[in-house]
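Chemist: Construct the entire structure; sequences and hints are all you get.
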Amino acid sequence: DAGVIQSPRHEVTEMGQEVTLRCKPISGHDYLFWYRQTMMRGLELLIYFNNNVPIDDSGMPEDRFSAKMPNASFSTLKIQPSEPRDSAVYFCASTRELGEQYFGPGTRLTVT
Amino acid sequence: SQQGEEDPQALSIQEGENATMNCSYKTSINNLQWYRQNSGRGLVHLILIRSNEREKHSGRLRVTLDTSKKSSSLLITASRAADTASYFCATGRNTGKLIFGQGTTLQVKP
Chain A
783 DAGVIQSPRH
793 EVTEMGQEVT
803 LRCKPISGHD
813 YLFWYRQTMM
823 RGLELLIYFN
833 NNVPIDDSGM
843 PEDRFSAKMP
853 NASFSTLKIQ
863 PSEPRDSAVY
873 FCASTRELGE
883 QYFGPGTRLT
893 VT
Chain B
21 SQQGEEDPQA
31 LSIQEGENAT
41 MNCSYKTSIN
51 NLQWYRQNSG
61 RGLVHLILIR
71 SNEREKHSGR
81 LRVTLDTSKK
91 SSSLLITASR
101 AADTASYFCA
111 TGRNTGKLIF
121 GQGTTLQVKP
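Going down the list, the sequences are from chains A and B. Quick note on numbering: the first sequence equals residues 783 to 894 in this note's numbering. Quick note on numbering: the second sequence equals residues 21 to 130 in this note's numbering.
All clues given are correct.
Residues from chain A shown here face chain B by an in silico Cβ test under 7 Å; the list is partial: (1) G824; (2) F873; (3) E882.
Across the chosen pairs, the derived CB separations fall in these ranges: (4) B:A98 / A:T802: 41 to 51 Å; (5) A:D845 / B:N114: 24 to 34 Å; (6) B:A102 / A:G881: 20 to 30 Å; (7) A:N833 / B:E73: 26 to 36 Å; (8) B:N42 / A:M822: 20 to 30 Å; (9) B:N58 / A:T892: 14 to 24 Å; (10) A:P866 / B:S71: 35 to 45 Å; (11) A:G810 / B:N114: 14 to 24 Å; (12) B:R74 / A:S840: 25 to 35 Å; (13) B:N72 / A:V835: 27 to 37 Å; (14) A:V835 / B:R100: 40 to 50 Å; (15) B:Q34 / A:P863: 43 to 53 Å; (16) B:S88 / A:I787: 37 to 47 Å.
Part of the chain B face toward chain A, derived, beta carbon under 10 Å: (17) V64; (18) L68; (19) R113; (20) G121.
To be clear, the hints were calculated from the coordinates, so they are not data collected in a lab. Every value quoted in this text rests on a predicted model; they were computed, and no experiment measured them. Glycine residues also receive a C-beta, built at the ideal position from the N, C-alpha and C atoms.
Modeler: Written out as structure tokens, the structure reads:
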């Protein structure tokens with residue numbers, strides 16, 4: 783199994799631009815999570831899906847952030863417009879039922 | 021708000037020594053998990069302990085859980101330089117959602 787796949791691995795963009803992060807969970811996993819990690823705030827849960835349905839988006843910072851899961855093998859996290867304070871490492875993770883979570887390698891986002 | 025709080029924030033030991041990290045949490049849980057993160061990488065699951073369990077072992081790892089004190093500890097025995105990483109506890113409830121602590125940074129000197 784290839785594990786959780788995220789793309790791109792690094793993204794550098796200018797303030798105001800739209801950013802789209804992508805995630806392919808492990809096949810057969812029914813939960814998908816998006817996290818953000820910064821030195822100041824640690825690892826924060828942004829949103830998670832169960833069977834492609836968003837369950838809890840209370841961690842999404844504001845309306846500039848949106849996430850979708852059109853099918854069981856793909857999810858996107860979009861930031862529009864991006865701001866420098868969005869700079870962080872964004873992780874996607876998946877799990878089956880309520881077990882251990884498998885994390886992707888992360889996308890390091892820098893907004894200048 | 022953070023559910024899990026790790027202690028200490030940083031730990032430096034010599035290879036061969038044991039490393040102990042602690043985690044405290046605030047509300048009732050279904051399970052508690054420990055993860056490791058090497059610099060610049062994603063988190064890797066180490067061990068899961070359920071709320072009705074008190075101790076669990078996996079190789080050189082030993083995890084204890086005291087639900088009355090709302091605390092857990094992770095013991096790494098006979099540490100190696102390759103154990104250098106950040107370690108996070110995460111608490112789970114029946115929702116599937118995990119809340120992560122701020123982590124303990126462990127440095128093992130060769």
